Amino acid sequence: MEMLSNLALGFSVALSPYTLMLAVIGCFLGTIIGALPGLGPSNGVAILIPITFTLGLDATSALVLMTSVYYGAMYGGRISSILLNIPGDEPALMTTLDGYPMAKAGRAGDALVLSGVASFVGAFLATIGLMLLAPMLARVAYLFGPAEYFALYLLAFCTLGGMASNNQAKAALASCLGLGIAMIGVDNNSGMPRLTGGNLHLMDGVDFLVAIVGLFAIAEVFFFIESHGKGSSIGVKLDKVRVPWTDIMSTKWTMLRASVVGFIAGILPGAGASLGSFLAYMSEKSIAGEKGKFGTGVPKGVAAPEAGNNAAAGGALVPMLTLGVPGSGTTAVLLALLMTLNITPGPTLFADRPEVVWGLIASLLIANVVLLLMNVPMVKIFVKILSVPPWVLLPGVTMISFVGIYSLSGSYFDLLLMVGFGALGYVLRKLDIPTVPVILGILLGGNMENALRRAMVLSDGDPMFLFSTPIAIGLWAAAVIGFVAPMFLRSVLKKPQAITD
Amino acid sequence: MASDRIFGLVALFVALAYIASATQVQTSFLSDPVGPKAFPMLIGAVAALSALVMVVRPDPNPNWPVGKTWISLGVAVVVLVVYAYALKPMGFVVPTAIAAAILSYQISPNARNAALAGAGLSVGLFIVFKYALGLGLVAFPKGLI
Chain A
395 MEMLSNLALG
405 FSVALSPYTL
415 MLAVIGCFLG
425 TIIGALPGLG
435 PSNGVAILIP
445 ITFTLGLDAT
455 SALVLMTSVY
465 YGAMYGGRIS
475 SILLNIPGDE
485 PALMTTLDGY
495 PMAKAGRAGD
505 ALVLSGVASF
515 VGAFLATIGL
525 MLLAPMLARV
535 AYLFGPAEYF
545 ALYLLAFCTL
555 GGMASNNQAK
565 AALASCLGLG
575 IAMIGVDNNS
585 GMPRLTGGNL
595 HLMDGVDFLV
605 AIVGLFAIAE
615 VFFFIESHGK
625 GSSIGVKLDK
635 VRVPWTDIMS
645 TKWTMLRASV
655 VGFIAGILPG
665 AGASLGSFLA
675 YMSEKSIAGE
685 KGKFGTGVPK
695 GVAAPEAGNN
705 AAAGGALVPM
715 LTLGVPGSGT
725 TAVLLALLMT
735 LNITPGPTLF
745 ADRPEVVWGL
755 IASLLIANVV
765 LLLMNVPMVK
775 IFVKILSVPP
785 WVLLPGVTMI
795 SFVGIYSLSG
805 SYFDLLLMVG
815 FGALGYVLRK
825 LDIPTVPVIL
835 GILLGGNMEN
845 ALRRAMVLSD
855 GDPMFLFSTP
865 IAIGLWAAAV
875 IGFVAPMFLR
885 SVLKKPQAIT
895 D
Chain B
3 MASDRIFGLV
13 ALFVALAYIA
23 SATQVQTSFL
33 SDPVGPKAFP
43 MLIGAVAALS
53 ALVMVVRPDP
63 NPNWPVGKTW
73 ISLGVAVVVL
83 VVYAYALKPM
93 GFVVPTAIAA
103 AILSYQISPN
113 ARNAALAGAG
123 LSVGLFIVFK
133 YALGLGLVAF
143 PKGLI
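Just so you know, the protein sequences line up as chains A and B, in that order.
For the first sequence, the working numbering gives the first residue as 395, with consecutive numbering after it.
For the second sequence, the working numbering gives the first residue as 3, with consecutive numbering after it.
Quick caveat, the hints were computed from the structure, so don't treat them as lab data.
For clarity, every value in this text was computed on a predicted model and none was experimentally measured.
Some hints could be false.
Quick list of the computed label-pair ranges, beta carbon to beta carbon [claimed, not checked]:
#, chain 1, residue 1, chain 2, residue 2, range
1, B, D61, A, D598, 35 to 43 Å
2, B, L18, A, S644, 56 to 64 Å
3, B, A113, A, E684, 36 to 44 Å
4, B, N63, A, M881, 44 to 52 Å
Glycine included, each C-beta is placed from N, C-alpha and C at the ideal position.
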């Protein structure tokens, strides 16, 4: 019953007209961001953080707005997957496999509505799961000392590197790059500047928002310059939009199973939404077998990845809120938001700031309903927005990024740094080096080092202290397995590539 | 093959330089058993190892852009750097219009559309930022008004 009273508290925060308005705006913006090719949840949320910050919203309002954008972007990603065969974001890749063939067969409207409903089911169940699981995990998290936290951070980097990338060495290098950047600035323990090269601008360290916006948003501009914005015109026409009740009823078990699979994948630190949609699609494909005709435009193939993707988006919030370790690239960006708002995620958040946690959960439920209502009847509006040409969109994104970062510090140095990160992001992505570990490294580097140093203070410099408790040993083992196992599984579990015409 | 090897070598040198500069970090009298040097050196070591693996076992080359696209990318970087310096002394509207127009032209080479996109984005965004969101932007340099 404690949960219900907590939830009531959350709704009392989230149901005020003002926050409700923010939720609606956030959902609308988020769906657009998710739908536009080249603007995914990560860079969409990243661009908006500095702007929300300068708007002076209080913590709860800012959280409501940004999580609505986050969920909205997860919904929106399916629109361009289905209509253009271009995933609006990475997790939506699996939706192209059956969504685009279905649209080509003249059932674009059905596919969009069905995927909208599947998104709703996935996100709704995941939010319920979050409500049940997060407080329990928060209680476990009290048992975590510095040694456990160090192992947990390591686990996040290892699973992220192992599962979300194609080459372990490159993922490890990316993590080190981020961690290395996090070390720049004044050392908290000794008060001495480190690795600044004598540059005064670097004494405060590198702001993670600068790195996020540079790596995600500015790098995207370079990619569009390279491709000259090709392949972003409307692919399949959308005519009548009806609610395909028979398809929805026939895929209900698929949605349920995919939600569970996606939620579990989302909880794993570092694995995230892409893994959720991938596992959901693959498990449904193997359940349906050859007769299921997955890949030819079947409703189940649309419902499974969308439910999995959105469930994973909710699941990824569990480790982020309770342990401060994000489960995906976008939750890493949300973690950046929390840090900017001076909220420290972790078990104490549930005890000290219940209104923030439960307000967030309530607003997720509200956002979800708003998104369902918005996405089924208004899907045509979002389809129109897809036809914004990239030669307007990308310069616009750049200018918004510049203003956002400029308004943070008012220093041209941060802008230069952002452009530098943009160029770096272009080269990294060209070389298939994942950029999410870089962000995670910058975000968590300071905490990871502090955990290590505190552990060593406690044990008077005995490194065996890091392996002294069962939880720590378990986390270390999981980290090693998460990093090594995918090397052997890679030949078995091959990511299906997007179909081409 | 070559791309990964070159990047790996560059990363290796950066990692070694990083370790070298980490050894120069000053320690204060208030120190813990680990100190401020150890963790950066550990990161540098792991990075150097990963870079070595990239040199020894490179992936196939990505499709790098050719000729003219490199020029476009170079122009874009220069424009963004100049824009970063110009934003404060020159006000928002003029640098934004120019930078947005050039970027737009690099994405889709159509001078009329690019000019329209530049002007429209600059004025539109200024109105949104200044009046809808209430950010303290300066439209033109102070001396002119």
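To see whether the hints hold, each was checked on the structure:
no., hint, in the structure
1, B/D61 <-> A/D598: 35 to 43 Å, "holds, 36 Å"
2, B/L18 <-> A/S644: 56 to 64 Å, "holds, 60 Å"
3, B/A113 <-> A/E684: 36 to 44 Å, "violated, 55 Å"
4, B/N63 <-> A/M881: 44 to 52 Å, "violated, 22 Å"
Checked against the numbered hints listed earlier, the structure breaks hints 3, 4; every other hint is satisfied.
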